[in-house]
Each structure stands twice: as structure tokens, then as C-alpha cells.
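Put together the whole structure using the sequences plus the hints.
2 protein chains.
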Amino acid sequence: MSQPTIFVGGDAGIWRVLRIKTIIGSSLPESKHVNICGPGAPISAQSAWMLRGTPSYERYVNRKEHDELTTKTPPLGRPNATYAALIPVLKSEAWWNLSQDERRAIFEDHSEHIKTGLRYLPAIARKLYHCRDLGEPFDFLTWFEFAPAEECAFDELVATLRRSEEWKYVEREIDIRLVRS
Amino acid sequence: MSQPTIFVGGDAGIWRVLRIKTIIGSSLPESKHVNICGPGAPISAQSAWMLRGTPSYERYVNRKEHDELTTKTPPLGRPNATYAALIPVLKSEAWWNLSQDERRAIFEDHSEHIKTGLRYLPAIARKLYHCRDLGEPFDFLTWFEFAPAEECAFDELVATLRRSEEWKYVEREIDIRLVRS
Numbered sequence: 000m001s002q003p004t005i006f007v008g009g010d011a012g013i014w015r016v017l018r019i020k021t022i023i024g025s026s027l028p029e030s031k032h033v034n035i036c037g038p039g040a041p042i043s044a045q046s047a048w049m050l051r052g053t054p055s056y057e058r059y060v061n062r063k064e065h066d067e068l069t070t071k072t073p074p075l076g077r078p079n080a081t082y083a084a085l086i087p088v089l090k091s092e093a094w095w096n097l098s099q100d101e102r103r104a105i106f107e108d109h110s111e112h113i114k115t116g117l118r119y120l121p122a123i124a125r126k127l128y129h130c131r132d133l134g135e136p137f138d139f140l141t142w143f144e145f146a147p148a149e150e151c152a153f154d155e156l157v158a159t160l161r162r163s164e165e166w167k168y169v170e171r172e173i174d175i176r177l178v179r180s
Numbered sequence: 000m001s002q003p004t005i006f007v008g009g010d011a012g013i014w015r016v017l018r019i020k021t022i023i024g025s026s027l028p029e030s031k032h033v034n035i036c037g038p039g040a041p042i043s044a045q046s047a048w049m050l051r052g053t054p055s056y057e058r059y060v061n062r063k064e065h066d067e068l069t070t071k072t073p074p075l076g077r078p079n080a081t082y083a084a085l086i087p088v089l090k091s092e093a094w095w096n097l098s099q100d101e102r103r104a105i106f107e108d109h110s111e112h113i114k115t116g117l118r119y120l121p122a123i124a125r126k127l128y129h130c131r132d133l134g135e136p137f138d139f140l141t142w143f144e145f146a147p148a149e150e151c152a153f154d155e156l157v158a159t160l161r162r163s164e165e166w167k168y169v170e171r172e173i174d175i176r177l178v179r180s
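Protein chains in written order, with numbering that gives the first Met the number 0: chain A, 0 to 180; chain B, 0 to 180.
Hint data in this document are derived by calculation from the structure and do not stem from the laboratory. Glycine included, C-beta positions come from ideal geometry on N, C-alpha and C. Heads up, a few of these hints could be off.
Unchecked claim - List time: in silico BS3-like cross-link candidates among lysine-lysine, alpha-carbon distance up to 27 Å:
hint: 1; chain 1: B; residue 1: K63; chain 2: A; residue 2: K167
hint: 2; chain 1: B; residue 1: K167; chain 2: A; residue 2: K63
hint: 3; chain 1: A; residue 1: K63; chain 2: B; residue 2: K71
As the list claims (entries may be wrong) - Residues of chain B clear of chain A, computed beta-carbon distances all greater than 10 Å:
hint: 4; residue: L27
hint: 5; residue: V60
hint: 6; residue: N96
hint: 7; residue: R176
hint: 8; residue: R179
Written out as C-alpha cells, the structure is:
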């Protein structure tokens, strides 16, 4: 079993906030830094916000896609990947009330979520944390790491996803851009 | 978003334990009663064990199966359904490392998990709580309610599932039988 990881927005942390943009829904309080705390790590009492999520098993990816993703996905923490993005996402009840096959059809057949992500590998490293079952304000915390030179590519990636059918079900999304300090 | 529900094994609670059988893996401490505490409810400090799980979205069911399940599934709390079973289940890492299509194939195409459950509806009411992402000792808490006359049918249902290919991936399972007190 996996324990939740905690993302803490506050005055300290190895990731310094470059900008926070609320894409849809209500915003988060301002914070200058983001810290990532593994299970059991001490957490500063002084924080603007805390978001929990658990690295979990895959929900939509088939074996062929899984193998392609595994082959192409780089590790986190590459020395040149000094830029990061933390993008918490909440989807609507309408999304969660769809059956598994309907969600998969929208996710990949109509929206090409996996295919789109694959085009930006290995430049943009990605890790997904699940939080819907934790009673958190978001369903997912998505984490990306890339070199500063890849920022335009990353902007293109998120713009493509935000134009997709899948994103019609997104009710709250905040785009937090970070630089390693 | 859903908050976790807490199942508490202890000396008090509306469900009295008839018997606890460890099917596979390590057991739970003895308890005479089980109480079900909704989000935010006060929890007695004196408990033998506490297990948390969140009612969540469906992971394997397609639209046709979803509609059939919804039509046939009775509500919980039927006056004549005075027997219940709480069956916490932990699956292996090998299960969770399978891709979504591989898990679905084992779950239904090979093991007929949904088809088997449907045969016992509406006699046996069922509710599933997810806990893998919560860092709990189990992945699922399954809850069933039925009339005492349906006990043999329920034994048959769980025996059928335990013989399935899916159950080769079950590492820990405890079968707690209860009567409403």
C-alpha cells in the first residue's frame, strides 16, 4: 500500500513559485514556495495550503500504452529539469458517474490524453498522485519536471489537453509553475 | 469528493460479531461488535481495530453492466436484512502492476466477478469501499447485507469468487459475519 505524499505551499521549500494561474474554479492562497513531504515527514505548521495525493495504480492505460510510457518516461530529479509544474485538478460528478468504458473512451479515444503525453517524452517528466478517495479538494495532483528550454513545449502540452473533450469535465484547475531553488 | 467511512471493531456497535474467519494472511484482533462511523462522527478511543474506506467511482464496470447493477441492487438497511458481512481484502503488487485492460480481463472475462454478483441480486446487497490510496492495510472493504435465510446463498457467492482467477491475487482476506443487534 502507498502512503499519501503531501505538497505544502508556504514560505519555505526547495521549489520556488514563479507564478500561480487559476485556470478554472476557486484559487488557492498565495505561497512563495512548495515543499514535497513524503509519508511521515515533519510538516511546518505555517503553510498557506496542504494538498495530499497518493501515487497509485493506472486507471486507463492498456498494456501496450503502459510499456511505451515505461520505456520513454525519464526519472524525476534530472539535474537539468529545474522547472516544474504542480497542477491540481478536480473533475465533475458527471465524469465520475460515467462507467469505466465511457471514461476510457473520452480519455483516450476522443481526447488522446496518453498519445499527447507520449509526444512530449522524455522531455517532460510526469508523476500522477490520486486524491479523490482521500476526501481532498482535488481529484488529482499532477507533477511535471522539465528543463527551462522546454517551457514552450510544456505550455503546448497543457493547452492541447485543455482543448480536449476530457477537459469539459474539469471543474477546478490551478497551474503552479516552479523553479528549483 | 467523498470522505472515508470508518469501520470500528470494539465492544460496542449496532453490528454484533457472529464469527471472524481469516481466509488468507494475518488476522485482525478479536472484537465483539462493529460500528460504522460516517465522516466526522466521534470514534470511541477503545477499539480493537479501525479500518477506513471511501465509497468511490467504478473501476471495471461498463455501461451495460452498470445499468443492470443499478436496476437490481437493493438499498442497504432493509428491515429483513439483519445479517451482514464485512470482508476486507488486500491484493498483491502483481495485481496492481497489471495494466487496466489486463485487470479487467481477469476480473470479468476470466473470473465473472460482475456476472456472479448479479446472480445474487437483489437478495444480497453490496457496497464497496476503496482504501488502497489511503495507506490502509487493505485495498477494499466489501460490505454485504442479507436476510438470515440467504446465508447459504452468500456462502456460495463468496466461495465462487474465492475459486476464481482473480482471487489468486488476494494476499489477505478476513470474513467477518455480523448480526444487527
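Checked hints:
no., hint, in the structure
1, B:K63 <-> A:K167, "24 Å, holds"
2, B:K167 <-> A:K63, "24 Å, holds"
3, A:K63 <-> B:K71, "36 Å, violated"
4, L27, "16 Å, holds"
5, V60, "6 Å, violated"
6, N96, "8 Å, violated"
7, R176, "25 Å, holds"
8, R179, "27 Å, holds"
Violation of the numbered hints given earlier is confined to hints 3, 5, 6; the remaining hints are satisfied by the structure.
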